[in-house]
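**Q** Generate the whole structure from the sequences, applying the supplied hints.
The lines below spell out each chain.
There are 6 protein chains.
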Amino acid sequence: MADEGTETRAQRLARFRPASGMVTPRFSGIASFMRLPVLDPAEAAGEGADRVEIGLIGIPFDGATTNRPGARLGPRAVREASTGTRALNPVTGVAPYALAACADLGDVPVNPVDAAETARRIEAFYRPIAEAGIVPLTVGGDHFVTYPVLRALGAARPLGLIHIDAHSDTDDAQYDGSRLTHGTPFRRAVEAGVLDPRRCIQIGLRGSMDAADEHDWALAQGMRIIAMEEVCARGLPEVAAEARAVTGEGPTYLSFDIDALDPAFAPGTGTPEVGGFTTREVLHLLRALRGLDLVGADVVEVAPSLDPAGITALAGAGIAFEILCLLAERVAARI
Amino acid sequence: MADEGTETRAQRLARFRPASGMVTPRFSGIASFMRLPVLDPAEAAGEGADRVEIGLIGIPFDGATTNRPGARLGPRAVREASTGTRALNPVTGVAPYALAACADLGDVPVNPVDAAETARRIEAFYRPIAEAGIVPLTVGGDHFVTYPVLRALGAARPLGLIHIDAHSDTDDAQYDGSRLTHGTPFRRAVEAGVLDPRRCIQIGLRGSMDAADEHDWALAQGMRIIAMEEVCARGLPEVAAEARAVTGEGPTYLSFDIDALDPAFAPGTGTPEVGGFTTREVLHLLRALRGLDLVGADVVEVAPSLDPAGITALAGAGIAFEILCLLAERVAARI
Amino acid sequence: MADEGTETRAQRLARFRPASGMVTPRFSGIASFMRLPVLDPAEAAGEGADRVEIGLIGIPFDGATTNRPGARLGPRAVREASTGTRALNPVTGVAPYALAACADLGDVPVNPVDAAETARRIEAFYRPIAEAGIVPLTVGGDHFVTYPVLRALGAARPLGLIHIDAHSDTDDAQYDGSRLTHGTPFRRAVEAGVLDPRRCIQIGLRGSMDAADEHDWALAQGMRIIAMEEVCARGLPEVAAEARAVTGEGPTYLSFDIDALDPAFAPGTGTPEVGGFTTREVLHLLRALRGLDLVGADVVEVAPSLDPAGITALAGAGIAFEILCLLAERVAARI
Amino acid sequence: MADEGTETRAQRLARFRPASGMVTPRFSGIASFMRLPVLDPAEAAGEGADRVEIGLIGIPFDGATTNRPGARLGPRAVREASTGTRALNPVTGVAPYALAACADLGDVPVNPVDAAETARRIEAFYRPIAEAGIVPLTVGGDHFVTYPVLRALGAARPLGLIHIDAHSDTDDAQYDGSRLTHGTPFRRAVEAGVLDPRRCIQIGLRGSMDAADEHDWALAQGMRIIAMEEVCARGLPEVAAEARAVTGEGPTYLSFDIDALDPAFAPGTGTPEVGGFTTREVLHLLRALRGLDLVGADVVEVAPSLDPAGITALAGAGIAFEILCLLAERVAARI
Amino acid sequence: MADEGTETRAQRLARFRPASGMVTPRFSGIASFMRLPVLDPAEAAGEGADRVEIGLIGIPFDGATTNRPGARLGPRAVREASTGTRALNPVTGVAPYALAACADLGDVPVNPVDAAETARRIEAFYRPIAEAGIVPLTVGGDHFVTYPVLRALGAARPLGLIHIDAHSDTDDAQYDGSRLTHGTPFRRAVEAGVLDPRRCIQIGLRGSMDAADEHDWALAQGMRIIAMEEVCARGLPEVAAEARAVTGEGPTYLSFDIDALDPAFAPGTGTPEVGGFTTREVLHLLRALRGLDLVGADVVEVAPSLDPAGITALAGAGIAFEILCLLAERVAARI
Amino acid sequence: MADEGTETRAQRLARFRPASGMVTPRFSGIASFMRLPVLDPAEAAGEGADRVEIGLIGIPFDGATTNRPGARLGPRAVREASTGTRALNPVTGVAPYALAACADLGDVPVNPVDAAETARRIEAFYRPIAEAGIVPLTVGGDHFVTYPVLRALGAARPLGLIHIDAHSDTDDAQYDGSRLTHGTPFRRAVEAGVLDPRRCIQIGLRGSMDAADEHDWALAQGMRIIAMEEVCARGLPEVAAEARAVTGEGPTYLSFDIDALDPAFAPGTGTPEVGGFTTREVLHLLRALRGLDLVGADVVEVAPSLDPAGITALAGAGIAFEILCLLAERVAARI
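Protein chains in written order, with the numbering used here: chain U, 1 to 335; chain R, 1 to 335; chain W, 1 to 335; chain A, 1 to 335; chain F, 1 to 335; chain G, 1 to 335.
Since the hints were derived computationally from the structure, they do not count as laboratory data.
Hints may contain errors.
So the derived label-pair ranges between C-beta atoms look like this [said to hold, decoys possible]:
#1 Gly-222/W x Ala-49/F: 55 to 65 Å
#2 Ile-335/F x Gly-48/W: 53 to 63 Å
#3 Gly-93/F x Gly-48/A: 54 to 64 Å
#4 Ala-156/A x Asp-176/W: 21 to 31 Å
Facing chain W, a subset of chain A residues (Cβ under 8 Å, in silico) [as the list claims (entries may be wrong)]:
#5 Thr-65
#6 Pro-112
#7 Val-113
#8 Leu-180
#9 His-215
#10 Ser-305
Remember, predicted model here, so these are calculated numbers, not experimental data.
For every residue, glycine included, the Cβ atom is placed at its ideal position computed from N, Cα and C.
**A** Written as structure tokens, this is what we have:
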């Protein structure tokens with residue numbers, strides 16, 4: 001498109017801005033994430049003018065779901081809802097598209113009936129992105145997809161993790177030995193050496209459990225769990241401070257399961273649990289994480305067919321925008 | 001109906017009460033606002049026995065909406081939901097229909113495809129109501145309708161404003177020069193001299209923005225903005241106190257955009273924004289405004305077709321009832 | 001099934017556990033409450049091996065509803081939603097099925113067009129259950145069903161009551177003398193001598209009223225009302241403490257009307273009122289009631305056809321699980 | 001309003017026309033049936049200027065429903081949907097408001113928890129209407145409401161009946177002796193002598209049955225049943241011809257249960273049955289009934305909370321309009 | 001339960017009847033298929049008193065779905081909808097429960113994340129059922145589940161097939177080699193030798209295709225395809241006659257994909273295609289198949305989360321009842 | 001992209017094919033019309049390699065709607081639903097992408113609050129497309145958008161019209177003189193000389209009317225109206241034959257209003273009318289129009305927020321695919 005040699009950073013960033021809602025209405029046009037340009041991932045990760053710094057990517061896979069399905073339709077619904085977001089964060093004042101070149105890199109080509117094959121495809125999709133230093137912001141899909149993303153991003157060195165969720169997702173296996181489900185990604189990632197469990201924190205867990213094993217394993221690895229009850233007792237500022245302390249200075253991944261929200265705020269998810277976060281609390285929590293070395297993030301488990309009013313996709317899009325602001329600040333800080 | 005000359009105020013008020021749910025069920029009968037009698041506005045504003053003190057009015061217009069439409073269907077949905085409200089406010093103890101003669105004055109006859117013409121019709125509809133001293137409680141419609149209402153109510157002298165909303169609605173123009181949209185009513189009203197910007201306060205703003213211009217203009221006029229973040233930090237009592245201080249003793253208008261509520265509480269609106277108020281917070285805020293000189297109020301942007309469970313219209317009706325209590329106390333205080 | 005004589009308690013409890021979601025998925029199989037075994041009530045209350053300690057019972061009756069109907073479909077919807085609950089309370093650590101033998105005892109055979117006849121059937125159904133010392137956890141149905149349940153459970157001695165609701169439900173009569181409606185159960189129960197009004201507390205009342213009579217009667221009997229506004233002002237710990245103080249050591253019934261929740265959390269109910277509890281608050285409140293002598297409990301007024309996202313049934317099931325933990329602890333404490 | 005003495009019939013009819021959608025939009029204003037004026041039934045049946053010829057009446061009662069409830073909300077939903085109908089039947093060319101003075105007479109004040117009392121109230125409501133010669137077009141409510149309407153209309157002499165439905169509704173009793181349910185109205189009406197069974201025809205029956213008793217009783221009385229299968233085999237023209245032959249010249253009532261339609265066309269009803277009519281077929285059937293001496297008609301069993309897209313109320317309104325054309329022609333023919 | 005030795009067939013059949021809706025309402029009680037008793041499959045296939053002749057079985061698996069998921073929730077939704085069916089077919093006069101001992105045998109314990117393992121479990125579940133001569137009526141689940149069912153039922157000799165569907169489902173592989181999907185069951189079954197392609201007929205195909213290969217393969221095997229267009233041109237009686245001719249006297253399986261219906265009649269399915277059957281046509285087609293040697297049947301692809309009005313599950317239940325009548329007649333004919 | 005000089009037509013067409021659902025699932029990826037490539041309209045109409053032959057275009061405008069709004073959201077919903085269509089028409093055997101180079105040209109940049117300005121923008125958008133000989137297939141938007149499209153396509157010579165709709169849309173003005181509404185496009189187009197009324201035919205009209213004026217005007221111009229009733233009486237083959245006769249050999253536009261379908265098939269539209277077409281009938285009708293000189297077509301009035309099951313957008317997409325087949329054959333025939 002432009003001649004990279006002479007293009008200034010400002011010109012470059014101007015090419016990767018969302019379409020303006022002041023010119024064309026927000027409900028119009030092809031629905032890409034945040035109304036950003038859609039780029040081929042190979043170009044985005046290439047050496048050319050279209051190299052981006054943050055890539056928004058959909059992984060429309062829910063074949064590892066053990067409960068109600070539908071998260072495969074999440075990326076498309078979040079794309080549509082995200083067209084309502086705009087350029088300036090009204091609270092933090094962050095203008096993410098002025099800080100980092102962002103684009104929609106499309107969806108990973110999943111195989112909906114084969115989790116193992118899909119995991120390979122996801123990892124292969126993210127490897128060049130990770131190698132190009134692009135920070136991926138992923139929209140799932142069920143939580144299983146985080147595992148192969150972590151394999152790609154953590155291949156060079158294990159990552160820290162801030163994991164906001166109603167469930168620990170550190171099961172070993174389900175249904176007589178199935179180890180690749182949306183209940184196991186973080187156990188698999190620790191086993192694969194791509195997560196450093198001592199730099200991992202799980203926030204908001206609250207679902208009733210079949211047994212305490214899942215939590216016991218996580219704790220035994222050195223992961224920190226702040227269950228919902230502790231969040232309520234201590235307050236969000238303390239929780240955020242502890243998240244910062246646990247993850248420290250190192251490279252860290254942020255994974256947000258939409259079922260961390262209360263079903264009133266996010267009915268459209270496969271395994272809702274009563275007594276969850278409000279979106280306002282989540283925004284407060286995320287804003288308290290500014291400055292961390294976030295190398296990637298995701299928002300998962302949005303299931304639009306369980307979401308008649310569309311508020312789950314809307315929450316997913318709003319939270320994705322808030323996370324995007326964190327990622328953009330981190331990109332800008334390292335240039 | 002009655003002989004005005006000899007009718008006592010109590011008899012008069014008894015004629016303008018909602019149909020009792022203890023006699024006929026609340027789900028039965030023609031759905032008027034609060035199950036109040038339906039009056040012709042000319043009679044209601046006339047010199048006869050049917051002169052009322054508070055008029056509930058629908059403005060079914062959404063032709064100035066720049067996002068998802070549907071608020072034209074708001075008045076009918078709020079009417080239906082409002083049939084569930086009753087005669088006595090359980091918290092404040094206010095019994096509005098014992099304080100003021102209230103009636104449903106029907107809908108303004110809008111032109112759905114012409115905002116300018118509709119603005120003229122709205123203003124013409126409200127002029128005699130304002131001149132008769134009737135306090136109008138309007139249900140929109142999109143937020144544009146507030147502008148011509150303010151033109152009628154503020155014609156004699158500029159008004160103060162308490163504006164609860166996710167957005168500032170002080171844009172100048174959209175789409176290459178359109179100045180009559182639901183993003184511009186308060187700018188137009190200040191320009192028209194019917195609002196005194198130094199007596200205006202906006203509470204709960206939080207939507208992401210295309211740019212900061214909108215807020216900058218409002219602040220430059222002397223309007224006070226308390227964004228959602230500041231509301232959370234300072235608490236509702238302080239916010240209410242500041243609203244009282246800004247608007248002072250003078251005549252004041254109260255405008256409530258349903259998108260001030262979080263999408264979990266009000267999914268049925270064209271431009272929802274995550275991280276908003278709960279209805280409980282809004283009720284607390286409104287109750288803290290007792291005693292102001294409110295000359296009119298509105299609840300706008302309820303879009304029923306985006307509201308599968310009907311909770312947005314329900315919230316609109318509940319908030320309208322709480323506002324009605326404020327208006328009735330003010331009417332009674334001035335008799 | 002087993003030979004009761006030689007069966008240990010652990011073996012016995014193992015027979016009354018929910019089907020494990022780790023073996024068969026939670027969305028599969030016949031939907032019974034909590035995926036528990038379905039037992040004939042006569043067997044459950046009999047002397048045989050299938051005697052249970054806690055019985056979950058549906059009462060699919062809404063023929064006493066004066067507003068929007070649909071709660072007759074509540075038991076089936078809550079059964080389905082309850083299949084998502086599991087064996088271990090993640091906050092309190094209570095494992096109810098390890099503490100008490102629980103089963104789904106099916107639905108009371110109601111007559112949908114005859115409230116008086118249904119009341120007789122309900123009382124007849126619960127009598128042997130009460131006499132066998134089984135603690136019933138009922139899912140309604142409209143709130144009228146609590147009255148005949150109380151008649152059965154309180155026949156031996158009047159009960160205390162913790163009643164969480166948006167409405168007092170202590171009306172005398174509606175529509176020209178109808179005394180058996182969902183607005184009257186607690187008045188009828190006090191009149192019948194099965195509730196001790198001085199040991200009764202109502203929490204969260206907030207609906208607008210036709211008149212103050214209803215509350216006045218309750219207060220005159222010595223019942224304690226903590227309206228929503230007082231809940232907000234004093235905080236849940238104080239409210240719970242007062243509930244414990246009012247009900248004291250004696251046998252107590254816990255009745256939860258789903259409309260205690262805000263419509264954002266429970267849209268699917270006949271008489272929603274804005275400004276209600278969050279589910280998180282309710283869970284906190286319930287957990288603060290551990291140790292009371294609860295002889296029965298119910299969750300009523302879930303109306304699935306008004307609940308497009310299913311979150312009301314989900315909230316009902318989650319709250320029922322939390323209550324089940326209370327009941328199981330009480331059972332275990334008395335063995 | 002006008003001076004009856006000098007008012008011409010044309011002037012008179014002009015006073016009872018729907019509000020024009022060319023002046024005020026169809027979605028605006030209070031929702032009355034067909035946007036007609038709302039009249040007090042006493043005035044409508046009186047000797048004054050407001051005497052009408054056809055009265056549209058809601059009966060919001062579903063307390064006799066043995067299946068899924070919700071039809072009590074039918075009148076309000078059909079009113080709202082009916083605002084989309086206009087003045088001229090495009091097929092038959094009938095302009096009903098030019099033929100007969102029509103008005104919305106509001107709802108019968110039902111007691112939602114007492115079918116027997118409600119039956120008395122309905123009959124009392126319809127007696128003066130029948131005596132004034134007003135032709136009532138009723139919107140239910142469940143099918144039970146037809147029984148007391150027939151008691152009022154058939155008091156002078158038994159009526160013929162054209163009954164379009166998926167079910168015969170000629171049960172004797174349900175649930176151990178309940179005789180007033182929505183499964184029994186036509187048996188009760190025959191027993192009461194207000195229907196002449198040999199002039200009754202039931203069209204479209206198709207629901208699976210508990211036993212054949214219901215049909216056997218009807219046939220034994222001399223009623224004619226044309227089950228859905230026979231409708232398909234013989235075609236609508238033959239069916240209509242037989243309906244005309246059975247009912248003959250005498251006064252006849254037309255009762256339309258919305259579940260006669262297939263669930264694709266009318267999902268919002270308590271007892272849907274697969275394999276029903278299309279709306280187009282029903283319109284054809286009704287148009288073939290022109291010229292009968294119809295003394296009243298109803299459309300029942302619309303249950304809006306089971307009707308997420310609103311098409312059931314829409315079908316009810318469209319069919320009510322088609323029936324209104326029949327009634328208006330009959331009125332005009334007898335002046 | 002009973003003493004088989006002395007029990008008459010009539011007594012035996014009386015034990016396997018649906019709960020009567022005349023005693024307990026149809027919306028009450030645990031939702032089993034047709035309100036039939038729930039039996040353990042081992043008992044149902046055993047030598048004891050509970051041996052049944054027709055078993056209704058759910059297979060809640062959709063892990064082979066290549067489009068929108070959700071059919072795993074089909075069995076539960078069809079169970080609930082089926083509680084509205086009754087004992088007597090009003091058209092054919094067949095009373096299935098008087099002809100054959102029927103029971104709900106629960107769900108196959110699937111592994112939601114592993115199609116191959118689930119196929120093994122399904123086949124293992126159906127083997128003893130087939131060997132006991134029980135005729136299974138299966139509710140899916142996606143169409144893949146038919147393949148392992150056919151493996152069990154056709155193990156002894158290849159079966160004929162009447163397959164009513166919008167799609168041929170005879171693909172070879174999808175997504176780079178996945179051979180176990182809901183697009184391949186009939187190809188796999190022919191390859192496995194459990195279907196005799198020359199005795200197979202596919203009716204109603206109409207979906208747009210990626211290529212004609214799928215149909216070409218089926219035709220090359222000798223299968224007969226009557227596409228929707230041919231159905232319309234020739235009429236249902238001819239189509240049914242050809243289906244009878246193709247399948248002949250031999251053992252035949254009937255597979256009904258709910259997407260054979262038009263989306264107006266069955267919106268709740270993963271791959272809807274415009275221009276399909278009405279339910280009335282399907283009922284006519286099925287009734288024309290009386291007398292065939294049907295050894296099993298299924299209704300698949302009902303996806304309740306895509307079915308806001310519940311009409312898809314209702315259609316599935318109504319069609320399952322019609323098929324049950326066919327199966328019961330066949331059972332009775334062979335006793 | 002490619003070197004146009006040497007590219008064969010087959011290679012060229014291969015570049016404009018939908019993404020294959022056999023490689024990436026149909027629910028994945030950015031939702032463009034039919035999963036076609038998205039092109040800039042300037043490129044598509046240019047001289048370069050990306051010149052296309054059929055352009056699919058969205059016009060997300062509903063600001064001329066006089067009834068329930070929401071059609072502005074139609075293009076996005078139809079894009080999403082259209083991802084389920086595939087490459088080969090199973091009935092006609094037409095493979096449109098093998099016949100013509102097709103692409104998604106995005107949305108016209110409308111001004112949602114200004115119909116006149118939007119009309120100018122639409123016409124300006126379509127002028128170069130028309131001049132380049134690209135055949136546009138438009139998805140609305142309300143029916144007003146057809147007027148400016150016709151202005152662009154008919155500028156060179158007046159067009160014939162096949163108009164399938166429940167309404168004539170030939171009003172003169174509404175609401176005191178508004179002439180640019182969705183009720184007036186065809187009158188405006190005839191007045192502008194871009195439609196030849198004697199070559200215009202309207203099929204399926206059936207909505208009740210305020211008066212017969214609208215039809216009278218159309219008939220007076222020489223337009224042919226085949227109302228729904230006549231369609232039923234004569235059958236689709238005759239109707240299609242007459243449509244062919246009326247439009248003849250000349251250039252013809254095809255306009256399909258989704259409300260031509262019955263509300264059971266298309267609930268999601270602003271002005272539904274009972275008694276409409278089935279989708280199967282529409283497909284039959286369209287297939288009977290093969291060979292006409294279609295220079296453009298549209299599908300309008302899909303309003304997704306009124307379409308909870310998504311079947312309206314699905315019908316719109318299916319009909320658009322059928323029309324696309326017609327257009328592709330016409331393109332191929334003229335090369």
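**Q** Next, verify each hint and record whether it holds.
**A** Consistency of the hints with the structure:
Distance hint check: the CB atoms of Gly-222/W and Ala-49/F are about 58 Å apart, consistent with the given range 55 to 65 Å. In this structure, Ile-335/F and Gly-48/W break the distance hint of 53 to 63 Å, their C-beta atoms being roughly 36 Å apart. Separated by about 57 Å at the C-beta atoms, Gly-93/F and Gly-48/A satisfy the suggested range of 54 to 64 Å. Between Ala-156/A and Asp-176/W, the C-beta spacing of about 29 Å keeps the proposed range 21 to 31 Å intact.
Nearest Cβ of chain W to the Cβ of Thr-65/A: about 7 Å, under the 8 Å cut. The hint holds. This hint holds: Pro-112/A has a C-beta 6 Å from the nearest C-beta of chain W, less than the 8 Å allowed. With a cut of 8 Å, the hint placing Val-113/A at the interface with chain W holds, because the nearest CB-to-CB distance is about 5 Å. Restraint check, Leu-180/A versus chain W: the minimum CB separation of about 7 Å is within 8 Å; hint holds.
Proximity of His-215/A to chain W is violated relative to the hint, the smallest CB-CB distance being about 22 Å (cut-off 8 Å). A distance limit of 8 Å between C-beta atoms decides the matter here; for Ser-305/A the minimum to chain W is near 4 Å, and the interface restraint holds.
Checked against the numbered hints above, the structure violates hints 2 and 9; every other hint is satisfied.
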